[in-house]
Amino acid sequence: AQSVSQHNHHVILSEAASLELGCNYSYGGTVNLFWYVQYPGQHLQLLLKYFSGDPLVKGIKGFEAEFIKSKFSFNLRKPSVQWSDTAEYFCAVINQGGKLIFGQGTELSVKP
Amino acid sequence: GAVVSQHPSRVICKSGTSVKIECRSLDFQATTMFWYRQFPKQSLMLMATSNEGSKATYEQGVEKDKFLINHASLTLSTLTVTSAHPEDSSFYICSARAGGGSYNEQFFGPGTRLTVL
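If you're matching them up, the sequences are chains A and B in order. Number 130 marks the last residue of the first sequence (this note's numbering); no jumps. Number 841 marks the last residue of the second sequence (this note's numbering); no jumps.
No wet-lab data here; the hints were simulated from the structure. The C-beta atom is built at its ideal place from N, Cα and C for all residues, glycine as well. Fair warning: there could be bad hints in the mix.
[Stated by the list, open to error] Some chain A residues judged to face chain B by a derived CB distance under 10 Å, without partners named:
(1) F52
(2) Y54
(3) L64
(4) W101
(5) S102
(6) T104
(7) A105
(8) G115
(9) L118
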């Protein structure tokens with residue numbers, strides 16, 4: 019069965035620091051990958067997605083992610099974080115049954 | 725983007741009672757709706773998939789008689805937690821997807837916090 023693993027449970031950064039959140043998936047075939055963000059008290063929102071094509075995907079709010087097939091990874095990056103980026107971040111993959119499988123989530127705290 | 729609402733946002737009930745949670749797609753028709761459960765500091769776990777007009781498909785380990793799902797229209801799905809117990813306390817999140825393609829985007833509701841005393 020497909021699975022998604024996020025290595026960092028809680029990341030604490032200062033404003034303007036660079037961010038990279040790790041995500042690895044288990045399936046070796048064609049994958050469709052997502053990053054979602056959940057701001058405090060709000061619903062899940064799609065940050066970006068990869069289906070095919072350019073492995074470097076740009077999303078909303080300055081986020082990007084790179085699909086590296088050889089490493090089974092889809093890490094999320096942002097060059098300079100802001101206090102407003104404080105949230106929970108979830109990596110997800112669509113499995114063969116068409117269902118979203120989520121990683122454990124990474125809590126990002128940005129200190130002003 | 726598309727909007728999905730859930731009602732209520734939080735509910736507290738006594739053990740043994742049943743609780744109904746509504747999930748509505750406000751500005752699009754949702755062919756498929758999904759129900760997830762999220763424990764504190766953990767990921768979202770898919771409970772079931774519901775398609776309008778047909779029976780829901782439950783994930784392994786989810787009791788269909790305990791978590792009743794009805795997808796009566798293209799804009800409404802309900803989850804009823806029957807005879808709730810404290811271990812059912814959790815955060816329940818629904819999502820809705822327009823169209824039948826698996827890769828169409830899912831839009832998530834804000835979640836319902838259920839506390840069973």
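What hints, given by number in increasing order, does this structure fail? Failing hints, ascending: 4, 5, 6, 7.
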